[in-house]
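Based on the provided sequences and hints, a complete structural model is requested.
Just so you know, we're using the working numbering here: the sequence shown kicks off at 13 and counts up by one.
Simulated from the structure, these hints should not be mistaken for laboratory data.
All values reported here derive from a predicted model rather than from experimental measurement.
Please note: incorrect hints may appear among the correct ones.
No more than 20 Å apart at the CA atoms, straight line, and that leaves these computed lysine-lysine pairs for PhoX-like [to be verified]:
id	residue 1	residue 2
1	Lys123	Lys163
2	Lys202	Lys156
3	Lys163	Lys176
Cβ pair distances, simulated, as ranges [as the list claims (entries may be wrong)]:
id	residue 1	residue 2	range
4	Leu121	Arg164	51 to 59 Å
5	Glu83	Glu210	37 to 45 Å
6	Ser136	Arg87	18 to 26 Å
7	Pro107	Asn170	50 to 58 Å
8	Asn155	Lys89	44 to 52 Å
All residues carry an ideal CB built from backbone N, CA and C; glycine is no exception.
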Amino acid sequence: MQTAPMKKNAPTVFIVDDDPAVRDAIRWLMEQVKLKAQVFGSADEFLANFTPGTRGCIILDIRMPGMSGLELQERLKASRSLIPIIIITGHGDVPIAVRAMKAGAIEFLQKPFNDQLLLDTVQSALTTYGAIWDQEARRQECNKSLAALTKREMEVLNLLRTGKPNKLIAAALNISVRTVEGHRATIMAKTGARSLGELIEMLHAQS
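Spelled out as structure tokens, the structure:
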């Protein structure tokens, strides 16, 4: 069965499990529904190849040689990585899986798991986090745009956000109204904002 080509910037499903048969089976399953997948035999191998900020989710085995799945989860959490984790585990590891859930994993599935349940869980994770990733991308874009402003331009912008007209801003900063207008035009050009309202939204989005 052939699969359709995957989108270039599509989220990636990262499969981290020391069992080659499990890794390959899950990758095959993901690819049948046109999801991009990468497999790793250990947590260390995953960390060595993972680029922070990459969109996707992790299907993570709890018990592996070397770094455990729980330790990998803790490392990602400490680095504030915005990537959902789905735990897969054997029956005897359920208490550990519960710990992983309390630490932020979105779901845990016992082996052998139902293929459709795993697919549904992955799709739900990618959909839910899509909005989170978009918000984070917007925040970073706003921070980058605002970082391009000079100190004086930020002073003007912060007064604009309070609703002060150009004349009062000029008086507050001891500059001319024409200078305020010039700063305002430069702020709009540097940030790419199309209106004062959009500028205010950028300030709210900034961390």
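Here is what the structure says about each hint:
no.: 1; hint: Lys123 x Lys163; in the structure: violated (57 Å)
no.: 2; hint: Lys202 x Lys156; in the structure: holds (10 Å)
no.: 3; hint: Lys163 x Lys176; in the structure: holds (18 Å)
no.: 4; hint: Leu121 x Arg164: 51 to 59 Å; in the structure: holds (56 Å)
no.: 5; hint: Glu83 x Glu210: 37 to 45 Å; in the structure: holds (43 Å)
no.: 6; hint: Ser136 x Arg87: 18 to 26 Å; in the structure: holds (24 Å)
no.: 7; hint: Pro107 x Asn170: 50 to 58 Å; in the structure: holds (52 Å)
no.: 8; hint: Asn155 x Lys89: 44 to 52 Å; in the structure: violated (22 Å)
Of the hints listed earlier, those the structure fails to meet are numbers 1, 8, in rising order.
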